[in-house]
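Heads up: the protein sequence lines correspond to chains X and L, in order. With the numbering used here, letter number 251 in the first sequence gets 251, and the count goes up by one each step, no holes. With the numbering used here, letter number 124 in the second sequence gets 124, and the count goes up by one each step, no holes.
Among these hints, one or two may not hold up.
Said to hold, decoys possible - DEER-style ranges, computed between Cβ atoms:
no.: 1; chain 1: L; residue 1: W129; chain 2: X; residue 2: K95; range: 42 to 52 angstroms
no.: 2; chain 1: X; residue 1: S80; chain 2: L; residue 2: C150; range: 39 to 49 angstroms
no.: 3; chain 1: L; residue 1: S114; chain 2: X; residue 2: G45; range: 18 to 28 angstroms
Just so you know, the hints here were simulated from the structure itself, not pulled from any lab data. Note that CB positions come from ideal geometry on N, CA and C, so glycine has one too.
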Amino acid sequence: MDIKATSSKIAKKVQAGIVACLLPVFFLYILLDKPDYKIMNAMAGFVVPAAHVVGDGITWPVRVIKKINDNMLVRRGIRSENRELRRKLDELTLKQTSCVPLAAENQRLEQTLDIVRSQPKRAVLSRIVYENSSFSSNTFTLDKGENAGIKINNAVLSKNGFLLGTVTDVGPNWATVRGIRDTGASTPVRVSGSDVLGFLRGRGQAQPVFELFSDQEFSPTKGIILISVSAGGTLPDGIPIGKIANAGNGKSAPVALGAKTMSEAIVLIQK
Amino acid sequence: MKKIIKVLFPFFATLFLWRLSSNIINPNGILALIPIFYYSIVKEHNEFVPMALIGCFLLDKNFDIVLFWSILFCFLYAAAGLQNIINFADRRLRSIDIFMIFVGSGTAILGIWSSFLTASLIPVLTAIWMFVISTVLYATLTYMFERIECWTKR
Numbered sequence: 001m002d003i004k005a006t007s008s009k010i011a012k013k014v015q016a017g018i019v020a021c022l023l024p025v026f027f028l029y030i031l032l033d034k035p036d037y038k039i040m041n042a043m044a045g046f047v048v049p050a051a052h053v054v055g056d057g058i059t060w061p062v063r064v065i066k067k068i069n070d071n072m073l074v075r076r077g078i079r080s081e082n083r084e085l086r087r088k089l090d091e092l093t094l095k096q097t098s099c100v101p102l103a104a105e106n107q108r109l110e111q112t113l114d115i116v117r118s119q120p121k122r123a124v125l126s127r128i129v130y131e132n133s134s135f136s137s138n139t140f141t142l143d144k145g146e147n148a149g150i151k152i153n154n155a156v157l158s159k160n161g162f163l164l165g166t167v168t169d170v171g172p173n174w175a176t177v178r179g180i181r182d183t184g185a186s187t188p189v190r191v192s193g194s195d196v197l198g199f200l201r202g203r204g205q206a207q208p209v210f211e212l213f214s215d216q217e218f219s220p221t222k223g224i225i226l227i228s229v230s231a232g233g234t235l236p237d238g239i240p241i242g243k244i245a246n247a248g249n250g251k252s253a254p255v256a257l258g259a260k261t262m263s264e265a266i267v268l269i270q271k
Numbered sequence: 001m002k003k004i005i006k007v008l009f010p011f012f013a014t015l016f017l018w019r020l021s022s023n024i025i026n027p028n029g030i031l032a033l034i035p036i037f038y039y040s041i042v043k044e045h046n047e048f049v050p051m052a053l054i055g056c057f058l059l060d061k062n063f064d065i066v067l068f069w070s071i072l073f074c075f076l077y078a079a080a081g082l083q084n085i086i087n088f089a090d091r092r093l094r095s096i097d098i099f100m101i102f103v104g105s106g107t108a109i110l111g112i113w114s115s116f117l118t119a120s121l122i123p124v125l126t127a128i129w130m131f132v133i134s135t136v137l138y139a140t141l142t143y144m145f146e147r148i149e150c151w152t153k154r
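Hey, can you work out the whole structure from these sequences and the hints?
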C-alpha cells in the first residue's frame with residue numbers, strides 16, 4: 001500500500017473534517033453576534049482593503065482598457081452631440097434667414113392694414129403753387145381750397161402716399177399746408193407693427209427727429225417704418241411717414257422722410 | 001517561475017474575478033466561485049482552502065450577506081471530503097454538474113428569499129442570470145485553468 005497516497009487521503013479527510021467543524025462555528029457565530037456582526041466586520045476591515053489592493057494590482061490592465069473604452073465612448077458621444085448641435089444650428093440659421101423677408105413682408109402688410117383701417121372718404125389731387133422751405137419752416141400752398149371740400153387739418157400726402165403735412169389755412173381756391181419738416185410741427189407717430197408712440201419734430205431743412213417714445217425700453221433701429229397716429233387729433237391713422245435713418249442717441253433718432261417735394265399733392269378729405 | 005505561477009495562479013484568479021465584478025457579466029463577482037470550486041474540489045490544492053474561505057468571505061461582503069457562501073462552501077467541501085459515494089473531483093466536464101448544484105442552490109436561495117423580501121420577481125431573474133453566466137463560463141474558464149496547469153507541469 002502506498003504510504004504517500006494513504007497519508008494524502010487522511011490529510012484530505014482531516015482538512016474536510018476541519019472545514020466541516022467550521023459549519024457549527026459559523027452558525028453559532030451568526031446566532032450569537034447578530035445583529036452587529038462585530039467580529040466579521042472587524043475582519044472585513046482589513047481583509048477587504050487588502051484584497052482590493054492585490055486585486056487592483058492584478059486587474060490594472062483590464063481597468064485601463066475599460067477606462068480607455070469609457071473615454072472613447074464619451075468622446076464618441078460628444079462628437080455625435082456636436083454633429084447634432086451643428087445640424088440644429090444650420091436649421092436655425094436657415095429659419096432665421098427665411099424669417100428676414102417674412103418679417104419685412106409682415107411689416108409691409110401691417111403698414112398696408114394701418115392705411116386701410118382709416119382711409120378717408122375721398123382724396124383731392126391738387127397742385128403745389130408755392131413752397132416755402134426756408135431754414136426752419138416748411139409750408140406750401142395748394143391751388144384748391146374750400147370749393148374742393150378741403151378743410152383745416154386735412155392731411156396732405158405726396159403722390160407716393162407719404163405724409164407731407166396738414167392744412168393750416170384754407171380759402172375758396174387755395175390752402176396752406178404746414179409740412180412735417182416745419183419746426184412748428186410736432187406730428188404724433190407710431191412705430192409700424194408695434195404700440196410704440198412718439199413725436200416727429202420738424203427741423204426745417206435738417207432731418208426731422210423721432211423722440212419722446214412712449215416705451216422707455218424702445219431703442220430706435222435703422223429702417224423702422226413710422227406711420228401717423230391720430231392720438232385724439234385730426235390726423236388719420238396709418239399714413240406712412242418715413243424710416244428711421246439711424247439709431248441716433250437712443251432717445252431720439254433722425255427720420256428719412258418718404259415724401260418727396262413734388263409739384264402735386266393729395267389732400268385727404270376726412271370722413 | 002512556472003512553479004510560482006502554479007502556486008499563485010489560483011489566488012490571483014480568485015482575486016481577479018472577484019475584483020472585476022460588473023453588473024452584467026460578473027454580478028457581485030460571482031465568477032470568483034469558479035476558481036474557488038475548481039481549485040478546492042476538482043483539482044485540489046491543499047494550500048488553497050484558506051484562500052477559498054477568504055474568497056467566499058469576500059463574496060459575502062459583495063453580496064452583503066453574512067457567511068452565506070462561506071457556509072455553503074464549507075458544506076460542499078466537507079461533503080466532498082468526508083464521503084466516498086460520489087467522487088466530486090472526477091466527473092464529466094470538470095465536475096460541472098456539482099458546480100451547477102453548488103451555484104444553483106446558492107443563487108436559488110438568495111433569489112427566492114430576496115424575492116419574498118422585496119415582493120418582486122427581479123431578484124429571481126437576477127439569480128437565474130447569475131446561475132446561467134457562471135455555469136456557461138465555468139466550462140470556458142476551467143478549460144483555461146487546465147491548459148495553464150498543463151503548461152506549468154511541462
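Checked hints:
no.	hint	in the structure
1	L/W129 to X/K95: 42 to 52 angstroms	49 angstroms, holds
2	X/S80 to L/C150: 39 to 49 angstroms	47 angstroms, holds
3	L/S114 to X/G45: 18 to 28 angstroms	26 angstroms, holds
The structure shown violates none of the earlier numbered hints.
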